[in-house]
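Enquirer: Position chain B with the ligands against the provided structure of chain A, taking the given hints into account.
There are 2 protein chains.
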Amino acid sequence: MSLEKNVDFSIQKAEKSKIGSIDFENVKFGSVFTDHMLVCHYKDGAWGQVEIKPYGPMSFEPSMNVFHYGQAIFEGMKAYKDENDKVWLFRPRENWKRFNKSAERLAMPHIDETRFVDGLKALLQLDQDWVRKGEGNSLYIRPFMIGTHEGVVAGPSTEFMFCIILSPARTYYSGKVKVQIAEHYSRAANGGVGSTKCSGNYAGQFYPTKLAQEAGYQQVIWTDDTTHTKLEEAGTMNVFFRIGDTLITAPTSERILDGVTRKSLIAIAESKGIKVEVKSIVVQELLDAHAKGELKEIFGAGTAVTVGQIEGFAYQDKYYALPEVADADAYAIQLKTALQGIQQKRIEDTFDWTETI
Amino acid sequence: MSLEKNVDFSIQKAEKSKIGSIDFENVKFGSVFTDHMLVCHYKDGAWGQVEIKPYGPMSFEPSMNVFHYGQAIFEGMKAYKDENDKVWLFRPRENWKRFNKSAERLAMPHIDETRFVDGLKALLQLDQDWVRKGEGNSLYIRPFMIGTHEGVVAGPSTEFMFCIILSPARTYYSGKVKVQIAEHYSRAANGGVGSTKCSGNYAGQFYPTKLAQEAGYQQVIWTDDTTHTKLEEAGTMNVFFRIGDTLITAPTSERILDGVTRKSLIAIAESKGIKVEVKSIVVQELLDAHAKGELKEIFGAGTAVTVGQIEGFAYQDKYYALPEVADADAYAIQLKTALQGIQQKRIEDTFDWTETI
Ligand SMILES: Cc1ncc(COP(=O)(O)O)c(C=O)c1O
Ligand SMILES: Cc1ncc(COP(=O)(O)O)c(C=O)c1O
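First to last, the sequence lines map onto chains A and B.
Read left to right, the first sequence gives residues 2 to 358 (the numbering used here).
Read left to right, the second sequence gives residues 2 to 358 (the numbering used here).
Just so you know, these hints were derived from the structure itself, not from any lab.
No incorrect hints appear here.
Given that identical chains are not distinguished, each listed pair holds provided it fits within a single copy or across any two copies.
Think about it this way: if two alpha-carbon atoms lie no more than 30 Å apart in a straight line, the pair counts; the simulated DSBU-like pairs of lysine-lysine are: (1) Lys44 <-> Lys29; (2) Lys102 <-> Lys179; (3) Lys102 <-> Lys231; (4) Lys19 <-> Lys44; (5) Lys211 <-> Lys44.
One chain only, chain A, in its complex shape (with noise of 0.2 Å):
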């Protein structure tokens, strides 16, 4: 790996490593950090240095702007070690396309490919003995870009600073999880940001889902802001209905996130000679396919936990359980082993979604 000779960057390692004290078995998702970071500044029209140091606090202006207005987008990937030590990332670039989409919707600057991928790459070269092998071990990567100018001008700051840091990451079986259909409240409006990931649509989901975690269901199946009664995403994450043996999702649009778990679904479900239909599905069809005994899996899908089973949704006060699939037959289960599977570069990655560092 090495970074194309027109990016400048810079390296300064940390003094001692952190690893040692870190109990890996019962880390907290997204709580701990590894010793380095990548910080790169964004300052009159263009990206500076890529810098490689220590993980640690910065200092900030109260005023700077995205305390104020929200500039501010993120990514989420992982890297995973296989049998043989070597590191891999799970379609990396996707993820710094759909970074600059949101960039470009939030009014902040694209960053290149070189800062971003190769950048990442370097940081985790680096950090390589914090991604552990086995089933079930990643480092969580969270790239972000803040807007940085200081002053409270409602406007597009014109200073922005890209970041990436890395954290270790268990998955542990949470369980099925219960939702509830959303009546009211929304997460993305027409014309709106609700296909990007910027930190603003997140601020506005912790609400509804206390509610409804206060209601006994720990997660909102979001639908339009319009009628409420298209299915759009779970949670965080993006979600397919199984009716009878055909997968639905809803597809993207302007208030749905285009996924990378739930378009590496699709494909290898397409591959497995799954019947899958990419279209919007409402309320009403759900009921009427629970009614006659055919809807017989819901699960999310983002990065953080692949895939996510769900045991049941509520609508309209009333508790819809779904029938018990034994995990030989269920689909998301399929579908989870199959894609992690790649990911961890247990089986072969026909697709060729997988790369090392």
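Expert: Okay, now just chain B with the ligands, sitting in the frame of chain A:
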């Protein structure tokens, strides 16, 4: 002014004031900050000490919540100095209440009136030399709250920082602006966060505003995201339409901010015998009124400019100019003069809106 006894409170004065170096006549809005700021941290379910200390940078973790999940809300208000060097605030408790409404919707903690209003007054007492008297001079006040918890788990922060920073402002006559009616993009969803002052709302507006500006319009008139026909806000202001001699403004809703300027203008207009209709107004009504020569004025209302006159609007690639209205006949000017007169203590405040520090 004194703080309630149960709020712990510390003041650390700046060693030297920066005030001598400020060119108050030419200061750019929101770019210069006073000597002090107010900072208060929320932790373990409670707000701590109110610290008033020198304005300056702070140290934050790159993993902190606001950079990733966007929990950030703010307020905007102004202080004025009268001829007797007394400093006045305009309806500050309305901002405090709205701040807490924003907090609720963004799953952030409420803050008490003592920390917000009395804290602000204590800060202003210290920096009162920064409030300059004379027409057009004011001190812009920016209270804000951000999620400061470290760690990239998509959920509400458990720690927060409340902060108030102050910036000297001069109202300059920026001229009338041309606006574009939003036909595709939108700032707010039904069931979303449009009625709050959360940072994410602003970041989402920048790109559509940039497109409007590239087409020759300074601002966007936002419409509902479902039909794109209801006229809801103008830029970051509420919006008023004068048809014949009636003033029309949309009712506040989940999509529209309950502006302090808006409601003050409604009260002033009514006290002057101007007919005000608070009702949803659609594009077609505007086009019809324009065709009949009855559309006389459009203006935005917000703390930053008080009243911002609009000279014409674009819709479906056609530009509609508004008639020239003499200042003496313009509701915009009459209302602006009355409101600024009250705010700056030049005319009697019969509404009891102003309070001293
Ligand atoms: C709102 C939302 N939808 C869907 C996803 C799934 O996207 P991906 O599969 O790329 O992680 C995410 C991120 O995980 C998300 O934040
Ligand atoms: C979106 C939006 N609408 C309207 C307003 C006007 O509110 P206020 O009059 O309280 O300043 C503001 C803030 O200035 C705003 O940000």
